[in-house]
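There are 2 protein chains.
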Amino acid sequence: MSTFKAKVFVTLKPSILDPQGRTVERALSHLDHGNVGGVRVGKYIELTLSGSRADVEAQLKDITENVLSNPVMEDARWEISEQQGEELVGA
Amino acid sequence: MSTFKAKVFVTLKPSILDPQGRTVERALSHLDHGNVGGVRVGKYIELTLSGSRADVEAQLKDITENVLSNPVMEDARWEISEQQGEELVGA
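As they're listed, the protein sequences go chains A and B.
Each residue of the first sequence is one higher than the one before, counting from 13 in my numbering.
Each residue of the second sequence is one higher than the one before, counting from 13 in my numbering.
Calculated directly from the structure, the hints in this document are not laboratory data.
Since the structure is predicted, the reported quantities are computational estimates derived from the model, not experimental observations.
A couple of the hints might just be wrong.
Identical chains share a label here; the pair holds if one copy fits it or two copies do between them.
[To be verified] EDC-like mimics (lysine to aspartate or glutamate), calculated; alpha carbons at most 20 Å apart, straight line:
hint: 1; residue 1: 25; residue 2: 86
hint: 2; residue 1: 55; residue 2: 67
hint: 3; residue 1: 19; residue 2: 69
hint: 4; residue 1: 19; residue 2: 91
hint: 5; residue 1: 17; residue 2: 30
hint: 6; residue 1: 19; residue 2: 30
hint: 7; residue 1: 55; residue 2: 94
hint: 8; residue 1: 25; residue 2: 69
hint: 9; residue 1: 17; residue 2: 44
hint: 10; residue 1: 17; residue 2: 94
Only chain A is shown next, with the shape it has when bound in the complex (with noise of 0.2 Å):
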C-alpha cells in the first residue's frame, strides 16, 4: 500500500471553441503582447491516491473519464507518481 500524487490535464477538444481563452487572448494583445496566440485554457487537478499501483492506476484513469472530464468536449490526461518515487505517464 502505497501513496501516489496524480495530476489530471482538462483541455477542451480542438475543433470546440474556447471563449474564456479567446478573451485572455485579447487582453493579452491589449497589453502589447500581440505576438501570444491560441490560448486555451483548461484544467489542473492534482489529487491523492492510496492503494497499490495497478488499482490506482485504473481508478485515477475512471476518475479521469468520468469524474473530471466530460469526453464528448474535452481531451484528459493524467500522470502519477508514488511519493518519493518513480514517474509514470497516461492518457
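Model the placement of chain B on the given structure of chain A, informed by the hints.
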C-alpha cells in the same frame, strides 16, 4: 524568430482553502473513491508565442505572474518548448 508552445499551471497556494477541490473530493468519496484525498483544482493554460527564445521566456514569465495568476493567492509555473524542439521548465 521561432514559435514556442507554452504550458502554464496555476494552483492555489497550499494555505488557501479550495472549495472546488473539497467538493470534488466529497463527490469522489460518495462514488466509492474514499481513498482519494488532497484534491486541488487549478488552471492549465496553453499558449503559443513567437519571437526569440530569450524574449519569449521573459514575456512568458511576465504574463504568468501578472496576467494569468494572482501572486497573493496562487502559485504558477510554466514550461516552454520550441515547436518540434527541446523543452525548458521554469517556475
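Results for each hint:
1. 25 <-> 86: This pair counts as within: shortest intra-copy Cα distance 5 Å, inter-copy 26 Å.
2. 55 <-> 67: The answer is neither: 24 Å in one copy and 27 Å across copies each exceed 20 Å.
3. 19 <-> 69: within (12 Å within a copy, 24 Å between copies)
4. 19 <-> 91: both (5 Å within a copy, 15 Å between copies)
5. 17 <-> 30: between (29 Å within a copy, 17 Å between copies)
6. 19 <-> 30: between (22 Å within a copy, 16 Å between copies)
7. 55 <-> 94: neither (22 Å within a copy, 23 Å between copies)
8. 25 <-> 69: So residue 25 and residue 69 fail the 20 Å test inside a copy (23 Å) and across (27 Å) alike.
9. 17 <-> 44: between (38 Å within a copy, 19 Å between copies)
10. 17 <-> 94: within (6 Å within a copy, 28 Å between copies)
Violated hints, listed in ascending order, are 2, 7 and 8; each of the other numbered hints is respected by the structure.
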